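Chemist: Protein chains in written order, with the working numbering: chain A, 134 to 252; chain B, 18 to 210.
Because the hints were derived from the structure by calculation, they are not lab data. All clues given are correct.
Only pairs whose alpha carbons sit at most 20 Å apart, straight line, appear in this in silico EDC-like list of lysine to aspartate or glutamate:
hint	chain 1	residue 1	chain 2	residue 2
1	B	Lys192	A	Asp223
2	B	Lys192	A	Glu219
3	B	Lys73	B	Glu169
4	A	Lys210	A	Asp223
5	A	Lys210	A	Glu198
6	B	Lys73	B	Asp108
Because the structure is a prediction, the values reported are computed rather than measured.
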Amino acid sequence: MPATDRSSPQMVLTEDQAFDLLAFLFSAAEISLVEPTYYGTFRLVDAASRLMGFMLEHDPERSREFLHRFKEEVDTKKVWMMWDREAYYDFLRAAPAIVAAELKRLDEEAALESEATTP
Amino acid sequence: MNGSLAQLSPEQLLALLKSRRVCRSFTADPVSDEQLRLMTEAARWATSAGNRHVHKFLIVRDPEVIHRVRAVSPGMLTAPPALIAILTDLDKAERESLQMEHDHANWMDVGTAAMNMMNMAHALGLGSCPVTSFSRSGAAVMLGLPPHLTPEWLLIVGHPAPVPPPRRLSVNAPKPVTARDLTWWEQPGRHDP
Ligand SMILES: Cc1cc2nc3c(=O)[nH]c(=O)nc-3n(C[C@H](O)[C@H](O)[C@H](O)COP(=O)(O)O)c2cc1C
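Make the full structure from the sequences, and use the hints.
Modeler: What follows is the structure, encoded as structure tokens:
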């Protein structure tokens, strides 16, 4: 259970977009059988970028700014894999904390809102 | 040499080859019939093992089809205005008695055809990028291929979008490979003549 109920009625993925992502993930799984092992990290990060792109198409009120900024950062840094692998690995190590901080911010924002609306 | 190429000096050819870099970001401008024809013409004149020509070049510009192909192509980082799929014609390969599982010449022919196309694209002012990181089975479905045609290589092509050049990052970033690094004279390990 999430610490705070942050369930928003806003949908951030259509069925078509979800299928797009499914096709991508299964294709990435298949080609991971033959590609260098570290490419698997790139496929996951790229899938995350595609997911953020789909979410942004729905213009999510609470997270649009974060998604916009972070997707741009991810798209710049993911391709470092091809010419500066150490810098790319550093980014992989840093990225989860960035998402975690945003999740926490969303939780806190929702908690404040629910406090404000509780009679 | 067959015929004269007086207009193109070795320096000019090298400048063309060196200035081609893969392009992963395109404008929405369309790629014309003529440009695509010139690219496949260049592919046709690539070397072909045994002069067998067991490949076909399938040109796709329908954005819906490209979108679907991209969904099964993790290596296609952006949706291009056009793509050329290099296919192996298994019927023809069989007629030519090719032993597909053991004969690597098939893959080499794909590479030489693709390289000619990329250089022609560059000469036309277009950008292109090879994509081999895709699901063969998925792409066959999305491209509507019959069972005797297998997709080997997707070449995405379009007008290059203005993008900042890649930045070198950490102090330990590896230096670009030079021809000298890759070349040995007379014996392994000897980098100079
Ligand atoms: C056989 C082959 C497969 C490739 N597959 C992909 C791919 O799936 N996706 C991609 O973005 N680039 C792909 N590339 C492009 C290489 O990453 C690129 O050629 C390399 O980074 C050097 O860049 P340059 O051609 O600009 O010098 C491929 C290149 C080759 C030769």
